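Trainee: Using the sequences provided together with the hints, build the complete structure.
2 protein chains.
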Amino acid sequence: MIRINIIGSGNMAWFLADSFAKTDVSISGICSRNKEQGQLLADACNANFVNDVAGLDDNADISFIALRDDAIALVVNQLKTTSIVAHCSGMLSMDALSAHKDRAVFYPLQTITKNDLPNASHIPICLEASNTETLRIVESLADKISHHVHFINSEQRQYYHLAAVMVNNFTNHLYVLADDLLTKQNLSFDLLKPLISETARKACISKPLNNQTGPAKRDDRNTIKKHLNLLNQNKELKELYEKITQSIFKLHQQDEI
Amino acid sequence: MIRINIIGSGNMAWFLADSFAKTDVSISGICSRNKEQGQLLADACNANFVNDVAGLDDNADISFIALRDDAIALVVNQLKTTSIVAHCSGMLSMDALSAHKDRAVFYPLQTITKNDLPNASHIPICLEASNTETLRIVESLADKISHHVHFINSEQRQYYHLAAVMVNNFTNHLYVLADDLLTKQNLSFDLLKPLISETARKACISKPLNNQTGPAKRDDRNTIKKHLNLLNQNKELKELYEKITQSIFKLHQQDEI
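Chains as they are written, first to last, in the numbering used here: chain A, 34 to 290; chain B, 34 to 290.
These aren't lab readings, by the way, just hints derived from the structure by calculation.
One thing to keep in mind: the hints can contain errors.
Because identical chains cannot be distinguished in the list, a pair is counted as satisfied if it fits within a single copy or across any two copies.
[Claimed, not checked] Each computed EDC-like pair below joins lysine to aspartate or glutamate, with the alpha-carbon atoms no more than 20 Å apart:
id, residue 1, residue 2
1, K259, D103
2, K258, D103
3, K283, E272
4, K276, D253
5, K226, D149
Owing to the predicted nature of the structure, the values given are computational and were not obtained by experimental measurement.
Mentor: In C-alpha cells, the structure reads:
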C-alpha cells in the first residue's frame, strides 16, 4: 500500500486528500500551519495532523507539497524525508525541489475550490519526475484517480498554466463584468447561463476559431459603436471591450487577407 | 393553427424553422436572396421558397425577419403584410419596424450555428411587442418552443446583447488564443477542455465573483511576470493579458479596501 503525506490545507490539499481517500492509497499525515483547516482536513481523510513538517512520517512513500509557489521553497528545505517529494504547481519548475533526489511534479489542470471539489477522473494530471522509478510511482498514483495522465516537462507545463489562466481566470472575469453590467441595470445574469454553457460545449467539440461569431469578427462597426455607447459610464470595461474587439478583428482580418 | 413566414436563410432562420417545425405551427414561406440556402431550408421544413418578399403569403399570422441588422431596414419597407412583423436582433430597436402597426421583437439569447442547432427549450426568448394582442401572439409562439420566455424592452435587450458578446464572443476569442498558444508549442488544447467545462459549470451555479482564482486576483506578481515572459514573442496577446490582468487586479483590490 502506498502511503502519502500532504503539506497544505488549501484547495489543492483538499482535492488530493478527497481523491486519494477514494483509492487504496493511505493518507498518513496532513501538515499545515493553519491548525483549524489542517485538523479539519486530517479528520476528513483519517490522517494524522501535524503543525510542522518535522512531525510528518518519514516513511511515507511520497510527500505532496500543495502550497502557493512562494511557500513551497520555504518548506522544501525543512523536509528531511529521503522519499519522493512532489509539488502541485503549474508554474514552478521541478528544479525548485532539487534538494531532494527523488522529486516530481503532480499538477492537476483544473480550477479547484474545496467547497465544490471536482471529480478527479476526468482531470488531466501533468506529471514530471527526476528519474524513471520516481515517475513510475507518481504515474501509478495519478492512474488511481484520473484517466487522463500526461507527461509534461516544466516548460510545457508553464504554457498550459498560462493557457489555463486565459480560459479560466480571464473568462471568469468576463462573467464577473457581465454580471456587474446587468445587475446595475436590474437585469438578470441567469439569462446568460444557457449561452455560457453552450459556448463552453462548442469549444469542447469543435475548434474555437470555427465557433467565433459576433460584431468584431464580422466588422459590424454599427453594433460595436452602440455597445461602446452603453459603456460610456464604465471607462474600465469600455477599454477592455475595445482591446478584445481589436484583437478579434485583427485575427479575422488576417484570415481574410 | 398559426402560420409563419421566415425571411432569411442564415443561422437564425434555420433555428426558427427547426424549432417551429417541431410544434403545431405551420411554416408557410421561406424568403431568401440566397436561392440555394433558401431552397434547402424551405425543403427542410416543408415550406414554400420565394426569392422576393413580395411573393410571401400575406395571410401568414407573423413574418420573422431573421437577417443582419443592416439588412432588416431594407426588407421592412418592402414587406406589404398587415399582420405581425418581428425581428430577431439583439441590438436593433423595435422602432426599426415602425412601418408596421403590429410589430415585435423575438430574440433568442444564444449562439446559433445552423450545422449544430441548439435545442430551443432552454434558450431564453426575449420578447417585445407594440401592443397587447401582438404580445399575446408572439408569447404563445415563444411558449411553444422554450420554457424561458421573458418580456424585455429594447434598451434592456441591448444590455443583454452586450453581455452576451462578453461571455460568448470574448470568451471564445480567449479559447482561440489559448489554442493558438498551445499549438505553437506542439501542445494540445484538449487538456484545457475539462477546465473550460468546469469554469462554465461553476458560473451557472454560483456567483462568478466568488469563483475568481488565479495570479491577478491574489496579486501574484512573480507568476504574472513569468507569464509575460512566455509572451515576449506575442505582442498582441501580451497586451491583452496585461489589460485583463489589470482589470481583475483593480476589481479585487477595490474589494479589499
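Trainee: For the identical chains here, do K259 and D103 meet the 20 Å Cα criterion within one copy, between copies, both, or neither?
Mentor: between (45 Å within a copy, 13 Å between copies)
Trainee: Go through the copies and call it for K258 and D103: within, between, both or neither, with a Cα cutoff of 20 Å.
Mentor: Answer is between; shortest inter-copy Cα gap is 14 Å, intra-copy 44 Å.
Trainee: One pair to classify: K226 and D149, alpha carbons no more than 20 Å apart. Within, between, both, or neither?
Mentor: Both: 19 Å inside a copy, 19 Å across copies.
Trainee: Is the C-alpha distance from K276 to D253 at most 20 Å within one copy, between copies, in both cases, or in neither?
Mentor: within (16 Å within a copy, 23 Å between copies)
Trainee: Given a CA cutoff of 20 Å, do K283 and E272 count as a within-copy pair, a between-copy pair, both, or neither?
Mentor: both (16 Å within a copy, 14 Å between copies)
In terms of the numbered hints stated before, the structure departs from none.
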